[in-house]
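A.B. asks: Just so you know, the protein sequences line up as chains C and X, in that order. One point on numbering: in this note's numbering, the residue at position 177 of the first sequence is 177, and numbering is uninterrupted. One point on numbering: in this note's numbering, the residue at position 17 of the second sequence is 17, and numbering is uninterrupted.
Incorrect hints may have been included.
Derived contacts from chain X toward chain C, CB cut-off under 8 Å, selection only [to be verified]:
| # | residue |
| --- | --- |
| 1 | 21 |
| 2 | 25 |
| 3 | 35 |
| 4 | 37 |
| 5 | 39 |
| 6 | 40 |
| 7 | 72 |
| 8 | 78 |
| 9 | 80 |
| 10 | 88 |
| 11 | 89 |
Cβ-Cβ distance ranges computed for the label pairs, FRET-style [what the hints assert, rightly or not]:
| # | chain 1 | residue 1 | chain 2 | residue 2 | range |
| --- | --- | --- | --- | --- | --- |
| 12 | C | 42 | X | 101 | 45 to 55 Å |
| 13 | C | 1 | X | 6 | 26 to 36 Å |
| 14 | X | 102 | C | 44 | 16 to 26 Å |
| 15 | X | 98 | C | 114 | 17 to 27 Å |
| 16 | C | 123 | X | 1 | 37 to 47 Å |
When the alpha-carbon atoms are kept at most 25 Å apart in a straight line, the in silico DSS-like pairs for lysine-lysine are as follows [claimed, not checked]:
| # | chain 1 | residue 1 | chain 2 | residue 2 |
| --- | --- | --- | --- | --- |
| 17 | X | 30 | X | 69 |
| 18 | C | 24 | C | 188 |
| 19 | C | 36 | X | 89 |
| 20 | X | 30 | C | 36 |
| 21 | X | 6 | C | 188 |
| 22 | C | 24 | C | 62 |
| 23 | C | 24 | X | 30 |
FYI, nobody ran anything at the bench for these hints, they're computed from the structure. Being a predicted model, the structure only gives us computed values, none of them experimental. For glycine and all other residues, C-beta sits at the position ideal for the given N, C-alpha and C.
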Amino acid sequence: MNQQEFLAALENKLAALSPEDREKTCAYYAEIISDKMDDGMSEQDAVASLGDVHEIAENILKDLPMTTLISAKVNAQKGGGRTALLIILTIAGSPIWISVLAVIFAFYATLWSLIVALYAVMAGFFAAALCGVLGFIPLFIFRTVPIGLCALGAGIAFLGLAFLLMIASIYATKGIIKLTAFSWRGLKSIFIGKGGAKQ
Amino acid sequence: MDIQLKRGLLEACVLAVLNTGDSYGYQLIKDIGECISISESTLYPILKRLEAAGQLTVYTVEHNGRLRKYYQITPLGKAKLSAFSDEWKEIVAVYEFIAAHKEAD
Chain C
1 MNQQEFLAAL ENKLAALSPE DREKTCAYYA EIISDKMDDG MSEQDAVASL GDVHEIAENI
61 LKDLPMTTLI SAKVNAQKGG GRTALLIILT IAGSPIWISV LAVIFAFYAT LWSLIVALYA
121 VMAGFFAAAL CGVLGFIPLF IFRTVPIGLC ALGAGIAFLG LAFLLMIASI YATKGIIKLT
181 AFSWRGLKSI FIGKGGAKQ
Chain X
1 MDIQLKRGLL EACVLAVLNT GDSYGYQLIK DIGECISISE STLYPILKRL EAAGQLTVYT
61 VEHNGRLRKY YQITPLGKAK LSAFSDEWKE IVAVYEFIAA HKEAD
């Protein structure tokens, strides 16, 4: 690939950028290639040393906000108008996006309801512990000593279980938050990708 | 190395190099490459961020019949650089604490 082909491919892939940003990015890479050639590299080597042009473009696009990516996609398809209706139509009109979003939504809904359930069980355990620990005094006084001691023991056991569950819940929540951040970036590639690599 | 950590370090490296004088893209990559590997496509977003944050300014110079962009550190960039040095002292102190406790283990 020579310099011209590289820059043409880059410009083509960066259609989502504003014309100014696109020109700036291309100028930056053109300058680097020229400087490498001044340094004694051949044109082919200088271009090759930059790495894969599709990967470069993709990383630049991933730094853009989601809304810019979507509206660029809309403009590319409908040629200009960027009304909210068109954006919704583009998203709704694509069966792939809908099913991908539905799967992702279902996946997280399931995970989060599991987490909510975990916290609910934990709250139940805390409540049981409270009853046992506080309830043992009246049981002690008005009933027999063994019943009181039994309630106290059960209360303390529930307290221990509740703390163990709390630790588990916190780890599970953190894990899901990390996973969300990770797949959000992956989700962006739906709006970037599509046929880029074939061009 | 952790991506966020490396990004922060590279920003400081760019500012540190520019603190010794104005420079351009390819030269920055060569200078910083002495201590940490950096690719052209890693440098670009860093320069963009530093420019947007007002920590460096850009001007164009003609060189061999073409244009070359030079980057110049601003007072804000210098302030950021010295803040980085201060922060780093704290990090070194934490590191020494960790290293000392690891040895005692």
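A.B. asks: Confirm or reject each hint.
C.D. replies: Consistency of the hints with the structure:
1. About 17 Å separates the beta-carbon of residue 21(X) from the nearest beta-carbon of chain C, more than 8 Å, and the hint is not met.
2. Taking 8 Å as the C-beta contact cut-off toward chain C, the hint placing residue 25(X) at the interface holds, the least distance being around 5 Å.
3. Here the hint on residue 35(X) is broken, as its CB sits about 20 Å from the closest CB of chain C, past 8 Å.
4. For residue 37(X), the interface hint is violated, since its Cβ never comes within 8 Å of a Cβ in chain C; the closest pair sits about 13 Å apart.
5. Hint on residue 39(X) holds. Least Cβ distance to chain C is approximately 7 Å, under the 8 Å limit.
6. Interface restraint check for residue 40(X): the shortest CB-CB distance to chain C comes to about 5 Å, inside 8 Å, so the restraint holds.
7. A distance limit of 8 Å between C-beta atoms decides the matter here; for residue 72(X) the minimum to chain C is near 16 Å, and the interface restraint is violated.
8. A least Cβ separation of about 24 Å between residue 78(X) and chain C goes past the 8 Å threshold, and the interface hint is therefore violated.
9. The beta carbon of residue 80(X) is not positioned within 8 Å of any beta carbon in chain C (closest approach about 20 Å), and the interface hint is therefore violated.
10. For residue 88(X), the interface hint is violated, since its Cβ never comes within 8 Å of a Cβ in chain C; the closest pair sits about 26 Å apart.
11. The beta carbon of residue 89(X) is not positioned within 8 Å of any beta carbon in chain C (closest approach about 30 Å), and the interface hint is therefore violated.
12. Range check, residue 42(C) to residue 101(X): about 53 Å between beta-carbon atoms, so the 45 to 55 Å window is met.
13. The given range of 26 to 36 Å is respected by residue 1(C) and residue 6(X), whose C-beta atoms sit roughly 28 Å from each other.
14. Between residue 102(X) and residue 44(C) the beta carbon distance is about 49 Å. The supplied range of 16 to 26 Å is therefore violated.
15. Between residue 98(X) and residue 114(C), the C-beta spacing of about 36 Å breaks the proposed range 17 to 27 Å.
16. Between residue 123(C) and residue 1(X), the C-beta spacing of about 41 Å keeps the proposed range 37 to 47 Å intact.
17. Simply put, residue 30(X) and residue 69(X) have alpha-carbon atoms about 16 Å apart, close enough for the 25 Å limit, and the pair holds.
18. Between the alpha carbons of residue 24(C) and residue 188(C) the distance comes to roughly 23 Å, so the proposed pair stays at or under 25 Å and holds.
19. Between the alpha carbons of residue 36(C) and residue 89(X) the distance comes to roughly 37 Å, so the proposed pair goes past 25 Å and is violated.
20. As the CA atoms of residue 30(X) and residue 36(C) are separated by approximately 11 Å, the hinted pair is consistent with the 25 Å bound.
21. At most 25 Å may separate the alpha-carbon atoms for a hinted pair to count; residue 6(X) and residue 188(C) meet this at roughly 23 Å.
22. For a cut-off of 25 Å, the pair hint linking residue 24(C) to residue 62(C) stands: about 17 Å separates their Cα positions.
23. Taking the CA atoms of residue 24(C) and residue 30(X), the gap is about 21 Å. The hint holds against a cut of 25 Å.
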